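J.: Required output: the full structure, derived from the provided sequences and hints.
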Amino acid sequence: MQMKPVVISELFPVQPQAIPELLAYELQTADEELAAIGGKLPYRLKKAFSGRWAWSTPYIVTDTPVEDIQAFVETLRNDPSEAFASLLALQPVPGWQPTPQAQADFAARALWPELRDDVDAALARFAHNLNRTLVTRECEVRGWTIWGQPALSISIRSRLQTIYDLQSYLKNVDSADAILHFMVADRASTMQGTVMDIVGPVAEHRERLLAFKPKERSKRFIEQAADDEIVVRIYTHRRTYDYVARALRILARPADYERLGIDPEQAEAALRLTPAGSSTMLEEVVRIGRKRGLLGPAYSSQRHSASFLDTADLHFTPTVRVGQNHTCEVSALQEQIQQYGVYKHASLKKPVAIGVLNALPDSPYRKFLEKLHQTLRLYRVPARYNGVASLQTFSRKSLEEALHYLHERGADLILALLPDEPGREAEQWGLADLFTALTIALGVSGQIVHQATLTHGENAIALSILNKLGGTPHALGTPLSYTDMVVGFDVARPTSKQPDDEIPMTAISRIFRNTGEFLRYELCSIKGEETIPDAIQALFPATLFQGKRVVIHRDGPFRGNEKQALQAWGAHIQAQFLSVEILRTGIPHLYGVELSADELSADRQAQAIHPSAGCALKLDEQQALLVTAQPSAQEAPVEPLHIRTEPPLSIEQALHSVLSFTLLHADVQTRSRFPVTIHYSDIFASLLLRGIKPVQKQEAFPF
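Heads up, the working numbering is the position in the sequence shown plus 20, with the first residue counted as 1.
What the hints contain is simulated information worked out from the structure, not anything from laboratory work. Note that this is a predicted model, so its numbers are computed, not measured. We put the CB at the ideal spot given by N, CA and C, even for glycine. It is possible that part of the hints are untrue.
[Claimed, not checked] For lysine to aspartate or glutamate, the following DMTMM-like pairs were computed, each having C-alpha atoms within a straight-line distance of at most 25 Å: (1) 67 with 247; (2) 66 with 160; (3) 235 with 247; (4) 235 with 160.
[Claimed, not checked] Quick list of simulated restraints, FRET-style, between CB atoms: (5) 97 with 471: 52 to 62 Å; (6) 227 with 592: 55 to 65 Å; (7) 606 with 668: 24 to 34 Å; (8) 253 with 92: 25 to 35 Å; (9) 346 with 390: 21 to 31 Å; (10) 400 with 652: 42 to 52 Å; (11) 227 with 471: 21 to 31 Å; (12) 48 with 490: 52 to 62 Å; (13) 550 with 92: 31 to 41 Å; (14) 158 with 236: 18 to 28 Å; (15) 524 with 152: 40 to 50 Å; (16) 606 with 394: 41 to 51 Å; (17) 152 with 113: 33 to 43 Å.
T.: Below you can see the structure in the form of structure tokens.
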């Protein structure tokens, strides 16, 4: 019997009868940190007045009216912790009617926590020990609005916890600094963050920490800590909190495996959740929510067919154009390039001098270099190796010395042969991140080759090098009809709070034709938020954009006055700027299942599989969740992207533009879920905020 594909989501409608009558309080503060204060208030309000309380921007939402709430505000303002010193008032909002998003946030932040004990018990059955660690499954819940109705996303995540709390670990190391940059979890709540600083001994901070009026279990940790134990500062979601070390458990991230004595392969295998594994755990959790009357059946293409799209609905075909104007499926790209050549060759006046940084002395790297040289010649990239620098120790100093040696010998491009790295963390740079930073600072192109690539990756590396030298391996099979240009846009902002005139911000645009051909990037320093309009004019010059239709892929949401500045400049130069926000974190998964017609009519469960790339769930006419990559069967699910747009660009066109530009990676085997317009934007932003920028503020080659 023919199988019909069905797509199911991790999104569930909130049952209307589960939402009580709500009212809202508006915050008045002495500064603009509404979210920082709003996120902390519900716990204090619940403790003072009982009931249920939740933060839903820009209001505190509750089912509990309070007559004299201003007296409570005065008490908070005088709290020794000073956490609410800038709070001026909490005012009832007369006539307020809850929005679907406010109802969803209330369900996620006030109703769902009432189920937490049952949920934790259900997921505890899927935890297991791995040497000196515990593999746990956790539930992440978030409020959404789907077609004007409140919904919850429920996602299962894996965590690897060590057996150590932070204080116990300190007994086995020589210096307290050894715990810096560990990811930790609060043993008394769901908070997770990164250890950023050693504050001092408990004896000097106990009274201050107790003044925050912590939850009972957290209070016991503070009271039981010895005077000579330490207090640490945790960074999470742009906020900092102080904890006694014994209140925190160490979470093992890939970058920490070596110092925690964890086998990377075992850890990765234990953490990996296949679609079938995730959906099995999700069923247990959702059963609790449905039994309590909070959740309805999941959004699926079986029940909500009009909201689910595929590539046919988007008029998207994954075709690309190579040499001799030949088009082909992207899956056959490498074979077709070898037959027809690349789309555009690099314009080189002399052979490319390639310096080799070798951090793999025992590997068969010479054979790889020979094959790479032959492949480059096939793509009309004349090249010569002009020196090899061996890296004996993996330190910044030795890496800088090796790179300066190769640069002084006239290397146009430095090829780094590096060991495989288990992962990259924002606070803990690996060797590859440091190499990238230093080559950008030197103004020389860099190409990383990890050890696993040495045996079969010469073709992909050659195409990547061609791209960095100004060539184009392939373009889109069909130019985008609804735009003339596509631009990746981002503004690197610091996370710390500083006066506007001291914020070291940098804006960047990556400019492409509607054929997918890269034109250039532009960089612009920004002295403060008020200078955003000047930066927009520099990044989108009238000489290039006047009278054009321009799709702008924003990495993350537009912030501050970015969108207003774009629209004002577009009107001035008679350009039409079409915004597409691409949100990459905290997005619920979509799953595929294959059911026969009989199984569909019986509403039976089936084993979950990965959905096809190009599958999408419309949340309304201006936003959708989009699957942009399809991993192998045993890999973890790929997190979709949350795409938002606004008229006159339709959500279908926005999705089409994102899918199209995921086809343009020089190495199509990377299966990146991001379009090239914003690929590595997060890494590049972290470099910019460290003062590491390309030598040229405008360049026709990708950085």
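J.: Now tell me, hint by hint, if it's right for this structure.
T.: Structure-based check of all given hints:
1. 67 with 247: Roughly 29 Å between the alpha carbons, so the hint for residue 67 and residue 247 is violated.
2. 66 with 160: holds (22 Å)
3. 235 with 247: With Cα atoms ~21 Å apart, residue 235 and residue 247 stay inside 25 Å; holds.
4. 235 with 160: Roughly 21 Å between the alpha carbons, so the hint for residue 235 and residue 160 holds.
5. 97 with 471: 52 to 62 Å: holds (58 Å)
6. 227 with 592: 55 to 65 Å: Given range 55 to 65 Å: holds, Cβ gap about 58 Å.
7. 606 with 668: 24 to 34 Å: holds (29 Å)
8. 253 with 92: 25 to 35 Å: holds (28 Å)
9. 346 with 390: 21 to 31 Å: holds (29 Å)
10. 400 with 652: 42 to 52 Å: violated (34 Å)
11. 227 with 471: 21 to 31 Å: Given range 21 to 31 Å: violated, Cβ gap about 53 Å.
12. 48 with 490: 52 to 62 Å: 55 Å Cβ-Cβ, so the 52 to 62 Å window holds.
13. 550 with 92: 31 to 41 Å: With a Cβ separation near 37 Å, residue 550 and residue 92 satisfy 31 to 41 Å, so the hint holds.
14. 158 with 236: 18 to 28 Å: holds (22 Å)
15. 524 with 152: 40 to 50 Å: holds (41 Å)
16. 606 with 394: 41 to 51 Å: The hint (41 to 51 Å, Cβ to Cβ) holds, given that residue 606 and residue 394 are roughly 45 Å apart.
17. 152 with 113: 33 to 43 Å: Violated: the Cβ-Cβ distance is about 52 Å, outside 33 to 43 Å.
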